[in-house]
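Undergrad: Sequence:
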Amino acid sequence: MSDSTAVSLHVLRGGALAVLLALVLGMARAAADGAMPSPTPMAAGGHLNVARVIDGDTVALDDGRVLRLAGIMAPKAAEAPALHALAEAARDAVAALAQGGLHQVTFFGRDRHDRLLAHAQADDGRWLQGELLAAGLARVATAPEQRAHAADMLRIEAAARAAGRGLWRHQRFRVLDVDEAGQFIGGFQLVEGTVLAVGRARGRIYLNFGSDWRTDFTVVVDQRSLDQLAGRADGERRAVGERLVGQRVRVRGWIKSFNGPLIEANHPEQIELIDR
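For the sequence shown, our numbering begins at 1227 and goes up steadily by one.
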């Protein structure tokens, strides 16, 4: 099994920039082994009772609060009629896991909808995020404030994808080639391609996947991520992006339209290096 690592920019304080691929954008190599890894131990948390399961990644608690499982995204029936069965399967899986309440709940703040963000275990110790990912009932969808356990989640997702479980059998969730990205503007997608060139403008690094940056797929690494490279000179920052040229990567995120399809990468775990 290829190991997966995801190294936070927050801990990047020294060492050679020649190790960019492992240290700056993070490395999570694609795993083909179907074995579910043991998750990183979670911090001790509390117990919560679930009043209602809203969907495959969100529950209503008996105290009136709403909790969203951090770092994942389950299919939603509202996205398309064809996803109804998958969405129901994800919802049913959460209902089964949470029937005894949520345990070892670890919180990571709230999202813009004021929902609690958390990792949690079932009463038998099963990790909800891991179970959903292993069954192919969710995708990894981390954010700057939801990066906990990302390496474990990416490994589990990779095994489910390789086995074609759940949503990975559905064309809507296939990993896109860069040439297809423009057909999915506005959606959360996984896109694979080879970085052909790197540009810089206004403090950002642009990873270009085609010969014409005005129309082809691009990934932009934003200023916030660059600022995490504390103490680096501008010339060294330039080397960061250039070392990705020729590398095949998988990037995940919301596809926008700006000089062609574009994904903004605001934390390392959005980008994985691929062994081919």
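Check each hint, because a few of them may be wrong.
Calculated lysine to aspartate or glutamate pairs in the EDC-like style (CA-CA distance at most 20 Å, straight line) [said to hold, decoys possible]:
| # | residue 1 | residue 2 |
| --- | --- | --- |
| 1 | 1482 | 1406 |
| 2 | 1302 | 1357 |
| 3 | 1482 | 1357 |
| 4 | 1302 | 1403 |
| 5 | 1482 | 1305 |
| 6 | 1302 | 1318 |
| 7 | 1482 | 1438 |
| 8 | 1482 | 1468 |
| 9 | 1302 | 1289 |
| 10 | 1302 | 1350 |
| 11 | 1302 | 1349 |
The following label-pair restraints were derived from C-beta to C-beta distances [claimed, not checked]:
| # | residue 1 | residue 2 | range |
| --- | --- | --- | --- |
| 12 | 1480 | 1336 | 48 to 56 Å |
| 13 | 1500 | 1333 | 13 to 21 Å |
| 14 | 1335 | 1304 | 20 to 28 Å |
| 15 | 1349 | 1388 | 26 to 34 Å |
| 16 | 1272 | 1426 | 28 to 36 Å |
Calculated directly from the structure, the hints in this document are not laboratory data.
Where is the CB? At the ideal position from N, CA and C, for every residue including glycine.
Undergrad: Against this structure, judge whether each hint is valid.
TA: We went through each hint and held it up to the structure:
no. : hint                       : result
1   : 1482 with 1406             : holds, 13 Å
2   : 1302 with 1357             : holds, 18 Å
3   : 1482 with 1357             : violated, 30 Å
4   : 1302 with 1403             : violated, 23 Å
5   : 1482 with 1305             : holds, 17 Å
6   : 1302 with 1318             : holds, 13 Å
7   : 1482 with 1438             : holds, 17 Å
8   : 1482 with 1468             : violated, 23 Å
9   : 1302 with 1289             : violated, 25 Å
10  : 1302 with 1350             : violated, 27 Å
11  : 1302 with 1349             : violated, 26 Å
12  : 1480 with 1336: 48 to 56 Å : violated, 20 Å
13  : 1500 with 1333: 13 to 21 Å : violated, 33 Å
14  : 1335 with 1304: 20 to 28 Å : holds, 25 Å
15  : 1349 with 1388: 26 to 34 Å : holds, 30 Å
16  : 1272 with 1426: 28 to 36 Å : violated, 46 Å
The structure fails hints 3, 4, 8, 9, 10, 11, 12, 13 and 16 (numbered hints given earlier, in ascending order).
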